[in-house]
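A.B. asks: Sequences are here, hints too, so could you generate the full structure?
Listed in order, the protein sequences are those of chains A and B. For the first sequence, counting from 1, position 188 maps to 188 in the working numbering; every step adds exactly one. For the second sequence, counting from 1, position 194 maps to 194 in the working numbering; every step adds exactly one.
No wet-lab data here; the hints were simulated from the structure. Heads up, a few of these hints could be off.
Said to hold, decoys possible - Which stretches of chain B does chain A cover? Using the computed rule of at least three CB atoms under 8 Å from a CB of chain A, they are:
# : region
1 : 34-41
2 : 54-68
3 : 73-81
4 : 127-134
5 : 271-282
Where is the CB? At the ideal position from N, CA and C, for every residue including glycine.
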Amino acid sequence: MSARLPLKQWPASLWLAFVLAVLFALGMILPLAWLVRSSLMELGQIFIFPPQWIPDPFAWSNYPDALTTIPFLHYLWNTLVILVPTVIGTVLTTTMAAFGFSRLEWPGRDAVFNILLATLMLPFVTTLIPTFLWWSKMGLTNTPWPLVVPHWFGADVFFIFLLRQFFRTIPRELDDAAILDGANPLQVLWHVIVPLSKPALITVAILSGLASWNDFLDPLIYLQDSSQFTLALGLSEFTGLYTSQWHLLMAAATVVVVPVLVLFFLAQRYFVESITLSGIKG
Amino acid sequence: MLSAEAIEIAAAAPRPVAPARHLPRHRGQLAWAALFVGPAVFGFLFFKLVPILASFVIALTNWTVANTPSFVGSANFERLLADRLFWKSLGVTAYYAAFSVPASMAFALLLAMLLNQKLPGQRLFRTIFYLPSVMPVIVTSVLWLWMFNPDLGLLNALLADIGLPKAHWIYSEGGAIPSLVFMSIWHVGPMMIIFLAGLQGVPRTLYEAVEIDGGGALARFRHVTLPMLTPTILFNLVISTIGALQTFTQSYVMTDGGPNNASLFMVFYIYRTAFKDTNMGYASALAWVLFVIIAAISFLLLKTSNRWVYYEGGNR
Numbered sequence: 001m002s003a004r005l006p007l008k009q010w011p012a013s014l015w016l017a018f019v020l021a022v023l024f025a026l027g028m029i030l031p032l033a034w035l036v037r038s039s040l041m042e043l044g045q046i047f048i049f050p051p052q053w054i055p056d057p058f059a060w061s062n063y064p065d066a067l068t069t070i071p072f073l074h075y076l077w078n079t080l081v082i083l084v085p086t087v088i089g090t091v092l093t094t095t096m097a098a099f100g101f102s103r104l105e106w107p108g109r110d111a112v113f114n115i116l117l118a119t120l121m122l123p124f125v126t127t128l129i130p131t132f133l134w135w136s137k138m139g140l141t142n143t144p145w146p147l148v149v150p151h152w153f154g155a156d157v158f159f160i161f162l163l164r165q166f167f168r169t170i171p172r173e174l175d176d177a178a179i180l181d182g183a184n185p186l187q188v189l190w191h192v193i194v195p196l197s198k199p200a201l202i203t204v205a206i207l208s209g210l211a212s213w214n215d216f217l218d219p220l221i222y223l224q225d226s227s228q229f230t231l232a233l234g235l236s237e238f239t240g241l242y243t244s245q246w247h248l249l250m251a252a253a254t255v256v257v258v259p260v261l262v263l264f265f266l267a268q269r270y271f272v273e274s275i276t277l278s279g280i281k282g
Numbered sequence: 001m002l003s004a005e006a007i008e009i010a011a012a013a014p015r016p017v018a019p020a021r022h023l024p025r026h027r028g029q030l031a032w033a034a035l036f037v038g039p040a041v042f043g044f045l046f047f048k049l050v051p052i053l054a055s056f057v058i059a060l061t062n063w064t065v066a067n068t069p070s071f072v073g074s075a076n077f078e079r080l081l082a083d084r085l086f087w088k089s090l091g092v093t094a095y096y097a098a099f100s101v102p103a104s105m106a107f108a109l110l111l112a113m114l115l116n117q118k119l120p121g122q123r124l125f126r127t128i129f130y131l132p133s134v135m136p137v138i139v140t141s142v143l144w145l146w147m148f149n150p151d152l153g154l155l156n157a158l159l160a161d162i163g164l165p166k167a168h169w170i171y172s173e174g175g176a177i178p179s180l181v182f183m184s185i186w187h188v189g190p191m192m193i194i195f196l197a198g199l200q201g202v203p204r205t206l207y208e209a210v211e212i213d214g215g216g217a218l219a220r221f222r223h224v225t226l227p228m229l230t231p232t233i234l235f236n237l238v239i240s241t242i243g244a245l246q247t248f249t250q251s252y253v254m255t256d257g258g259p260n261n262a263s264l265f266m267v268f269y270i271y272r273t274a275f276k277d278t279n280m281g282y283a284s285a286l287a288w289v290l291f292v293i294i295a296a297i298s299f300l301l302l303k304t305s306n307r308w309v310y311y312e313g314g315n316r
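C.D. replies: Okay, structure coming up:
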């Protein structure tokens with residue numbers, strides 16, 4: 001393995017690749033450094049050109065300032081009220097559906113699955129208008145319902161696909177053994193499939209939580225009342241209101257992104273595996 | 001651990017095999033199936049199929065908040081053909097997709113090939129390359145808005161460092177889309193991982209064969225890597241094209257469709273028509289046009305793919 005070679009024996013091509021990788025890594029990390037640097041500067045220092053990199057002094061007070069300019073805790077609560085039931089509903093219904101599409105035999109199964117899969121190509125904006133009109137007629141805009149309910153009805157077709165791929169790798173003999181013992185499909189799912197699929201289920205939970213945290217368009221459409229805003233929406237509102245307060249804006253943006261980065265570092269392998277899991281390859 | 005192996009099997013598994021006949025199944029499988037897939041099928045009917053049809057019906061009406069909807073036939077579609085902004089938004093969206101899709105695919109492939117070299121610090125590189133892709137699009141939009149700032153932004157500071165004049169980035173009519181394309185290549189994480197999985201599936205023996213024939217790095221890339229990656233390229237191409245055609249948040253947060261409609265993406269125009277001008281009928285007509293365009297492009301890409309996509313097990 002080339003990685004084990006001592007430096008002096010590296011071929012030129014490996015050096016070239018390494019230098020390129022370092023350059024790209026620096027380039028990709030630069031915007032994040034800029035984000036943090038701006039979030040810790042006083043406004044006066046931000047307005048110096050050419051820009052300086054090191055805050056002087058470190059304006060830690062930007063964070064409390066930013067978090068009181070917008071009702072941060074309130075928005076965090078609103079975000080979690082949507083996120084938690086979304087993740088539960090997603091994991092529950094995509095697991096059930098994936099089981100139904102991989103372990104049960106019923107006429108038309110694969111055709112139905114392919115139709116569901118095809119909806120991945122459906123642009124969200126085309127179904128958005130009638131769906132919005134319906135929720136609004138029900139008087140449920142400005143509540144978490146329109147944002148949560150679809151996830152209890154298999155809106156996340158990609159996750160169904162992912163779990164179905166994963167379930168197929170579990171030997172059918174295990175099901176059969178359980179069935180011989182008198183287990184019904186629900187028991188097979190719970191006692192055989194779920195314990196063996198934990199990594200895949202965690203992946204789905206993480207990706208669905210991340211999508212909910214990051215979601216912007218759905219809250220924008222359904223939550224017009226600022227008392228219902230999520231963090232993403234609150235940040236957008238903040239951008240519109242305080243365009244020149246870059247230091248506070250960057251502090252608020254940092255706060256929104258930090259939980260995502262922490263989750264990413266803790267659970268990185270699940271992000272990467274989700275893609276390998278789907279069986280997409282050359 | 002089971003997981004890692006299972007995933008490798010999943011990755012290596014051939015396409016669906018006919019379900020093997022195992023023990024005789026419960027007679028009541030259909031009832032169980034209804035329980036298991038019922039919610040998803042109901043969701044498909046209620047949140048996808050009915051809305052897509054309803055959207056078409058609404059497109060045939062004059063539906064605003066102010067009046068009672070009335071049936072107007074194809075009037076919305078006729079209006080659209082004469083709507084300068086519609087054509088503008090179509091052009092903007094196509095322009096963006098035509099550049100951001102190839103640019104981000106090429107960059108993703110380049111990063112994947114670097115990661116595939118087994119460099120020291122490979123895991124750290126992978127983390128850094130992937131990192132921007134997990135950030136909320138609202139945060140990246142706000143951050144890049146600040147980086148594009150002509151007077152105080154990072155990008156003009158970098159230009160100044162190498163002695164170039166200030167650019168106006170998203171604030172100039174000609175610069176808006178190129179700037180957003182540049183921003184788009186920052187989010188190539190998932191595509192990069194998919195390419196990496198593809199690269200790892202290329203048999204080493206093929207590279208050795210090229211070497212025996214005296215081919216260099218370029219020959220390896222052209223005659224082994226690229227052909228073997230075509231299925232992966234097709235997948236990334238379809239997914240990223242569909243995504244690029246639905247760009248919204250950047251124009252909403254950063255440019256408000258401007259300057260002078262230079263970044264009036266279709267989805268942004270539809271959003272504005274539906275939720276600012278509350279013209280649901282016309283917005284639905286626009287949304288249907290986008291739907292047809294996306295369906296047609298996906299169909300064409302998949303249909304023509306057998307001319308250039310190579311499947312190891314023979315063409316399907």
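A.B. asks: Next, verify each hint and record whether it holds.
C.D. replies: Against the structure, the hints come out as follows:
A count of 6 residues in the region 34-41 of chain B with a Cβ less than 8 Å from any Cβ of chain A is obtained; the coverage claim is therefore met, three being the minimum. Here's how the region 54-68 of chain B fares: 3 of its residues keep a CB closer than 8 Å to some CB of chain A, so the rule of at least three is met and the hint holds. By the rule of at least three residues with a Cβ nearer than 8 Å to a Cβ of chain A, the coverage given for the region 73-81 of chain B is violated, with 0 such residues. Using a Cβ-Cβ cut-off of 8 Å, 7 residues of the region 127-134 of chain B lie near chain A, which meets the minimum of three, so the contact claim holds.
Check on the region 271-282 of chain B: 4 of its residues sit with their Cβ under 8 Å from a Cβ of chain A, so the three-residue criterion for coverage holds.
Against the hints set out earlier in the document, a violation occurs for number 3 only.
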